[in-house]
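**Q** Sequence:
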Amino acid sequence: MPVQTFFAELKRRKVFRVAVAYGVVGWLIIQFSTTVFPHLQIPDWATRLVLMLVLLGFPIALILAWALELTPEGVRLTHAVDQQLDREVPAAHWGRKRHALAYATVAAVGGLVVFASQRWWQPVLQGASTTTASATRDDRPAPVPGNKSIAVLPFVNMSDDKANEHFGDGLSEELLNLLAKEPGLRVAARTSSFSFKGKDATIGEVAKALQVDSVLEGSVRRQGNTVRVVAQLISASDGTHLWSEKYDREMSDIFAVQDDIADNIIKALKPHLMAGGTTLNRSHGGSISPALFERFLRGRSKFHAGDEASMKAAYEDFLAITREAPDYAPAHAWLALGWLSLRDKPDSVALPAAQQEVELALKLDADEAVAYLAQGAIHERRDDNAKAMASLDRALEINPAMVEAHLARQWLLASTGRGAEAVQELEVARKIDPLHPDVLRDLSHLLNLQGKRREAFALLDQLRPINANSAMESELHLYSDNQEPARGAYMASRFLETDPGNPVALDWLTSFNLTLGLHHEVASSKDDRRFISLAVLGRRAEAQAAAAKLISTRQDPTAKLVVEHNLRLALGDLDGAEKALLEAWRANESGALGNEFGIIQAVSLAASLMRNGSKAPAAEVIAAIDKEIAGYSPLHQAGTLQFQFWLACFQHRTDDAVRLLDELADHGYQGRWHFGAAMLQMSVFDSEPRLKPGLDRIMANHVAQLAELARLQRSGMNVAQARADFLTRHESAE
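Just so we're aligned, residue 1 is where the sequence shown starts under my numbering, counting upward by one.
Please note: incorrect hints may appear among the correct ones.
Unchecked claim - Below, in silico cross-link-like pairs of lysine-lysine (DSSO-like), each with a Cα-Cα straight-line distance of 27 Å or less:
#1 Lys431 to Lys199
#2 Lys246 to Lys148
#3 Lys312 to Lys148
#4 Lys560 to Lys452
#5 Lys549 to Lys387
#6 Lys246 to Lys312
#7 Lys197 to Lys312
#8 Lys452 to Lys387
#9 Lys208 to Lys181
#10 Lys246 to Lys267
#11 Lys431 to Lys267
#12 Lys363 to Lys345
#13 Lys199 to Lys246
#14 Lys345 to Lys246
#15 Lys181 to Lys148
#16 Lys181 to Lys452
#17 Lys162 to Lys148
#18 Lys199 to Lys148
#19 Lys345 to Lys148
#20 Lys345 to Lys267
#21 Lys387 to Lys345
#22 Lys148 to Lys431
#23 Lys579 to Lys549
Unchecked claim - Now the in silico label distances, taken between C-beta atoms and shown as ranges:
#24 Glu620 to Ala720: 48 to 54 Å
#25 Gln223 to Asp556: 47 to 53 Å
#26 Pro346 to Gln462: 45 to 51 Å
#27 His636 to Gln713: 26 to 32 Å
#28 Gly451 to Lys526: 18 to 24 Å
#29 Leu727 to Arg323: 54 to 60 Å
#30 Leu51 to Asp367: 27 to 33 Å
#31 Glu731 to Asp161: 33 to 39 Å
Since the hints were derived computationally from the structure, they do not count as laboratory data. In this text, a Cβ means the ideal position worked out from N, Cα and C, and glycines have one as well.
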């Protein structure tokens, strides 16, 4: 059939009109389903079913319009009708008949859609409880078998003002914390639940990812002093609503709303919980105004953001709340955490202030779990691990779902070499919060230290879509822990090819290049440490200018002196390097090592003082090194061994030094090439001949690392291939 004839026939048979009519009616049906279904609490998949039926019906409608006619004798094939038309009836009349059939087809498809969805929304219209809070509710949630775990999604902000976003998040977190105290109910932790915020995930997808049986979702709309909260508890297995409610309240009643939602959830799940799970800890609402409570939620949201500016702002919020509502325990507990997060406050100031807030919180509420979390952090920073562990245990007794306490416990366990227990602690945390980036990161780290590299990489694969930068940093850290700076440098450069300027990759690339002694690479970078490489390469004026620029940006006097030391050491001015570090050490009243004056600076100063015969000041620094190393985890074998080796040398324990140096070489340690000559700080030990074989082995490791970097660069392997190559080579070596 010619094309023109074909289109004329389409027009004659009214196919175009059918297509337009179907498109209009189908669009209306889809709009109705996507707009109205959520308010009728119809599962999300029903909306997708409507869309599928409408799309499938379109070609069917067109085929029927082409093939069939509606005649006085009934529906007949178009061919038979056309033959009769030529003999009996005017074309215009039968055009109207065909048109009527087309619209009948559209109506039939629409009816099918309504019928298909009716079974889900009709019961909701008849029986769902959507009364306002002022109405009386006679119906209660019906128990559904098998629901013993729940995720609380962040409540959607339906207000016009986006600044109210924190309120829905805060309400969800309050509900999560209330439910977490219920015996027998496993509650997915905040980080994992909130990872779905803003994502178009189905209830089934959320439940599968968080490994829960039910999901609580809702919305919040603020207008002046009134708030509307809609909450619904959904079974993950079939999408049915176990309970739903709408509340229209004044802000002053928000605590009652929280308690009522939590109570109804427990009633819905009660038959599957532990015996006696009927009384829920109530919201702390009697001692704080709605306005201050809202500020508390806002402050907590800022604290969770994690960056320095946000945590500082959160500290200011908590401080203001404790002054205006001094009997509100949670604000004191969070203020304690705020004090501990301030980087510009020394421990001599932050720890007593935090301790005071902890004591106030626990005096007001002996079951304030966050206060025990803060107490554990205070004890840990005071090097009292036993008391820290006891405080964390108490926090978890009150709130078993507090992942931060599990993370803190595993850190204490790992720091004392209890690797298996630390892994077990993280597995518990992962069950509660399977998408928590810190849990996945730390578990990958520990498994790698235990030689389980393939399992470690599998966890990084899970972490990557959640937090790509954290996964990248963890992977590069993994190569560092395995004493493979060449692999680390190659992978960092590969990451930068696809993400130029990534600060994590740039920082690690410079660190690996300094470790390998690749000073030309560092000197040509924009890293703050480039002055070291410029000095090593003899570009004195450039090095001094770069160091002076860096010193001008440092606020802490110790930090300025450390930069000066590094410059002098790289230039070969050992006396000048010692002078700078000695001044920094004498300014350190506590005599403890910290962030600015750390273990590396202490080792360098001790070696220099011993070389010059300054035994008394050297003894003070060595004592600080000894105390610092005592808290190092034996799990970081190579990292810990190198400091133990230096300490043995300083203390003239030659047998131990020889043994430790051999162990270092066995682990692949290749020395520190940051300042040019290999292990410059150890030059004081050149007179001990028994160390030479070990030092030669470490030099051989360095040569091997340079050769490995050259091999990787020649190979041109992409990131995935290089990862596979890493695992294969280690498994072959084992």
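**Q** Which numbered conditions among the earlier hints are violated in the structure presented, ordered from lowest to highest?
**A** 3, 4, 5, 6, 8, 14, 16, 17, 19, 20, 26, 28, 30 and 31
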